[in-house]
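**Student:** We have chain A already, so just place chain B on it with the hints.
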Amino acid sequence: MELLLDSLFNGVAIGSVLLVAALGLAIVFGLMGVINLAHGELMMLGAYTTYVTQLIFKLPILKPFYNSYIIVSIFLAFIVSGVVGILLEKTIIRKLYGSPLETLLATWGVSLILQQFVRSVPLAYGTGLIISLLIGLFLPTTFPTKIKESINFKYFKFSSWIFAALTGVLTGSLISSSIGKLSRASARNVDVTAPSWMRGQVEIIGTTFPKTRLMIIVITLISVIAITLFLKQSAWGMRIRAVTQNRQMSDCLGISTEKVDIITFGIGSGLAGVAGVAVSLLGSVGPNVGGNYIVGCFMVVVLGGVGNLLGTVLASFGIGIMTDLIGAGRFLSIWPNMPLPLSNTINFFATTSMARVMIFALIVLFLQFKPTGLFPQKGRMVEN
Amino acid sequence: MSLSKIKFDKKIVLSFWIILIALIIAAPTLLPVFRLNLLGRYLSLSIVALGVDLIWGYTGLLSLGQGIFFALGGYCAAMYLQITSSSEFPNNIPEFFALYGVEKLPFFWEPFRSPFFTFFAIWIIPALVAGLIGFLVFRNRIKGVYFSILTQASLLVFFNFFNGQQKLINGTNGLKTDVTQLFGQMVGSESMQRIFFWITAILVIAAWFFAKWVVKGRFGNILIGIRDDEPRVRFTGYNPVIFKTIIFSIAGGLAGISGALYTVQSGIVSPQFMTVPFSIEMVIWVAVGGRGTLLGAILGAVFINYAKSLVSEALPASWMFIQGGLFILVVTALPEGVLGWIQGDGPRNLLQRYGLKRKIETYPSLEVNNKEGNNE
Numbered sequence: 001m002e003l004l005l006d007s008l009f010n011g012v013a014i015g016s017v018l019l020v021a022a023l024g025l026a027i028v029f030g031l032m033g034v035i036n037l038a039h040g041e042l043m044m045l046g047a048y049t050t051y052v053t054q055l056i057f058k059l060p061i062l063k064p065f066y067n068s069y070i071i072v073s074i075f076l077a078f079i080v081s082g083v084v085g086i087l088l089e090k091t092i093i094r095k096l097y098g099s100p101l102e103t104l105l106a107t108w109g110v111s112l113i114l115q116q117f118v119r120s121v122p123l124a125y126g127t128g129l130i131i132s133l134l135i136g137l138f139l140p141t142t143f144p145t146k147i148k149e150s151i152n153f154k155y156f157k158f159s160s161w162i163f164a165a166l167t168g169v170l171t172g173s174l175i176s177s178s179i180g181k182l183s184r185a186s187a188r189n190v191d192v193t194a195p196s197w198m199r200g201q202v203e204i205i206g207t208t209f210p211k212t213r214l215m216i217i218v219i220t221l222i223s224v225i226a227i228t229l230f231l232k233q234s235a236w237g238m239r240i241r242a243v244t245q246n247r248q249m250s251d252c253l254g255i256s257t258e259k260v261d262i263i264t265f266g267i268g269s270g271l272a273g274v275a276g277v278a279v280s281l282l283g284s285v286g287p288n289v290g291g292n293y294i295v296g297c298f299m300v301v302v303l304g305g306v307g308n309l310l311g312t313v314l315a316s317f318g319i320g321i322m323t324d325l326i327g328a329g330r331f332l333s334i335w336p337n338m339p340l341p342l343s344n345t346i347n348f349f350a351t352t353s354m355a356r357v358m359i360f361a362l363i364v365l366f367l368q369f370k371p372t373g374l375f376p377q378k379g380r381m382v383e384n
Numbered sequence: 001m002s003l004s005k006i007k008f009d010k011k012i013v014l015s016f017w018i019i020l021i022a023l024i025i026a027a028p029t030l031l032p033v034f035r036l037n038l039l040g041r042y043l044s045l046s047i048v049a050l051g052v053d054l055i056w057g058y059t060g061l062l063s064l065g066q067g068i069f070f071a072l073g074g075y076c077a078a079m080y081l082q083i084t085s086s087s088e089f090p091n092n093i094p095e096f097f098a099l100y101g102v103e104k105l106p107f108f109w110e111p112f113r114s115p116f117f118t119f120f121a122i123w124i125i126p127a128l129v130a131g132l133i134g135f136l137v138f139r140n141r142i143k144g145v146y147f148s149i150l151t152q153a154s155l156l157v158f159f160n161f162f163n164g165q166q167k168l169i170n171g172t173n174g175l176k177t178d179v180t181q182l183f184g185q186m187v188g189s190e191s192m193q194r195i196f197f198w199i200t201a202i203l204v205i206a207a208w209f210f211a212k213w214v215v216k217g218r219f220g221n222i223l224i225g226i227r228d229d230e231p232r233v234r235f236t237g238y239n240p241v242i243f244k245t246i247i248f249s250i251a252g253g254l255a256g257i258s259g260a261l262y263t264v265q266s267g268i269v270s271p272q273f274m275t276v277p278f279s280i281e282m283v284i285w286v287a288v289g290g291r292g293t294l295l296g297a298i299l300g301a302v303f304i305n306y307a308k309s310l311v312s313e314a315l316p317a318s319w320m321f322i323q324g325g326l327f328i329l330v331v332t333a334l335p336e337g338v339l340g341w342i343q344g345d346g347p348r349n350l351l352q353r354y355g356l357k358r359k360i361e362t363y364p365s366l367e368v369n370n371k372e373g374n375n376e
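Line order of the protein sequences matches chains A and B. Position 99 of the first sequence, counting from 1, maps to 99 under our numbering, and the rest follow consecutively. Position 148 of the second sequence, counting from 1, maps to 148 under our numbering, and the rest follow consecutively.
If we strip away everything but chain A, and leave its shape as in the complex, we get:
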């Protein structure tokens, strides 16, 4: 019994990392049909945001609040990845709606650029760039309607971009002069240290559990609840669901599909950033950190059924628990007197990489019986 509980906890821990990583993807892929291979890199940006926030909170002014930096970084990571996502949507993905394979290739290109960007640009100036993007994209939307509709709006837009660029350069050099670690570009991995209240273990029903894992489960839980509430309860959530179901009809009824696309993509990318915070708690952060998760995330989305959050939740916990059962060879401890060939097979797969082999093989097998995942979208189109 205790063993089973142990396995369940471990499985939920693995699954919750998968879930928080796959949640943004499920929204972007499920609701918009866009394959975003740069999703892993948006996670990476979130992880680096955590690192930068941590260093900024070590400055003398913010030192008293150091313990709360992780909470702040969750919001910041959401904003950073969201802004990059919105930029991505506005510049590239918008041109490629309806051709998913092309989107896939273009976003892969973006992911390569982002990876090399964090390698060869000092993080301080990267932060400055993000700040200018943020101001440049959002300042024009805060202008009064009168200016927005005037013929000279483009000049206002232009000047706000100049203001944004100046602010970005200023903050970039400010950060780089005050924090030495951020002023040089480096391809080396960095480490995020959890604040003191998150270190150590807790005991739950007889099993010990690292607090960081618990924190990840909490982050995941909050993200899932927040996104479900947003989609089901808010006006924009309803518009997003409407566009998902029938884009042309929603357009006819006066929903701005363009805005819906931006919001959906922004939220999906922002969730990738939140996932990045979770990932940064698990190990060191490097330019390639996102690549380790991206395929697993896609498997979760495909297994769960596209466009269904419940499916995504079940699929990620299912994969998490199965990974623990296979990877730790737990079937053997449940049934110790197993016949030899069977126990040999289980031992063969009882490593992290071989467990992955088994899991992917099982998923492909599962898709043989349910090609559209656990909860398929219903439709009468021949293409469905």
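Because the hints were derived from the structure by calculation, they are not lab data. What you are looking at is a predicted structure, and each value in this text was computed from that prediction instead of being measured. Don't take each hint at face value.
Stated by the list, open to error - Simulated crosslink set (DSBU-like; lysine-lysine; CA at most 35 angstroms straight-line):
hint, chain 1, residue 1, chain 2, residue 2
1, A, 232, A, 95
2, B, 10, A, 259
3, B, 212, A, 232
As the list claims (entries may be wrong) - In silico negatives: residues of chain A with every beta carbon more than 12 angstroms from chain B:
hint, residue
4, 64
5, 91
6, 96
7, 169
8, 360
To be verified - Simulated coverage check for chain B against chain A, where a stretch passes if three residues somewhere in it have a Cβ under 8 angstroms from a Cβ of chain A:
hint, stretch
9, 31-44
10, 157-168
C-beta: ideal position from N, C-alpha, C; glycine also.
**Tutor:** The following block gives chain B in isolation, referenced to the frame of chain A:
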């Protein structure tokens, strides 16, 4: 009008071939050994690019897992080479086994003692694996991006398997081939490398003709039909599953040959051939060269890889930016690829834009009416 439809003078075609063959024969004397070896490797990569073009350019299946078949071909060749040159090692098995305390050759190595078996295994094993994966996926009508994701997942399955099994195939270290012997000669030696270059060049041409033959005629038409409107092909009475499986396993076989040639010229095969980025790179070679144009796939593979090695030598950090930019650029601005653009309306449109060529009036009567309308 496509290039293939333009009737070339027979003399031009003949002289093209003569120059090409002369270049291939003369290449070893013209180029330094290092560059020749690189060119040979890139030529062998163009064979896998041909396969990608067949499945993506002609059939519309974007596989992100061609690395599986590429590496399988490479492993087949490397296993044969390792086993034939293992006579001086303990137990007559390849050297690395001793590191892991393995004394008996794993059973699946046994057939690779025979050069005859290996010769066929290099392309038949990848083709069979591709056929199996393809059949399982296509049977369920999984297509589009789902197919891409599943092939990528399969790639990871194979990568993790080969990476994790030290005792069977030396895991992450891979199998070295450059110090092994083939027919009494060192594989890594200069003379052998020259022969491999010639073999590669001949096989690239052979593969090109084979691919041309595949996409010609009714079979090729059905492939293009599947790409453009699969339900319609199905409703017309064809079973797309069979055609897709066949073309996917052909591409797998080509990838296997390519992998074997690449392995003997680079001197090692390792699970690195099965990483996700490498397989996506194969797609970009075809995309830049021109999907749906076989020559474009070959040229794309050779030129992009050459550019990669030149840029990486000069500015190591910038290649990732350039490659990322290429992905974005080719998809948004040049979806037909370079050769597709040249063969299509690209040059004419460019000339027209700058007024160097007269615009063709598609509907002369409409244009006339419009002008009259404006006058009123």
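**Student:** Hints first: check each against the structure and report whether it holds.
**Tutor:** Hint-by-hint comparison with the structure:
1. Restraint check: the Cα-Cα separation between residue 232/A and residue 95/A comes to about 29 angstroms, which is no more than 35 angstroms; the hinted pair holds.
2. Simply put, residue 10/B and residue 259/A have alpha-carbon atoms about 58 angstroms apart, too far for the 35 angstroms limit, and the pair is violated.
3. Note on residue 212/B and residue 232/A: the hinted pairing is violated, with a Cα-Cα distance of about 54 angstroms set against a maximum of 35 angstroms.
4. For residue 64/A, the non-interface assignment is confirmed: its Cβ lies about 40 angstroms from the closest Cβ of chain B, beyond the 12 angstroms cut-off.
5. Not every C-beta of chain B lies more than 12 angstroms from that of residue 91/A, the closest at about 9 angstroms, which undercuts listing it as non-interface.
6. For residue 96/A, the requirement that its beta carbon stay farther than 12 angstroms from each beta carbon of chain B is not met, with the minimum near 7 angstroms.
7. At roughly 21 angstroms from the closest C-beta of chain B, the C-beta of residue 169/A stays outside 12 angstroms, upholding its exclusion from the interface.
8. Distance check on residue 360/A: its Cβ comes as close as 4 angstroms (rounded) to a Cβ of chain B, failing to clear the 12 angstroms threshold; non-interface status is violated.
9. With 0 residues bearing a CB less than 8 angstroms from a CB of chain A, the stretch 31-44 of chain B misses the requirement of three and the coverage assertion fails.
10. Remark: the stretch 157-168 of chain B is confirmed as covered by chain A, as 5 of its residues place a Cβ nearer than 8 angstroms to a Cβ of that chain, reaching the required three.
The structure is inconsistent with the numbered hints 2, 3, 5, 6, 8 and 9, although it conforms to all the rest.
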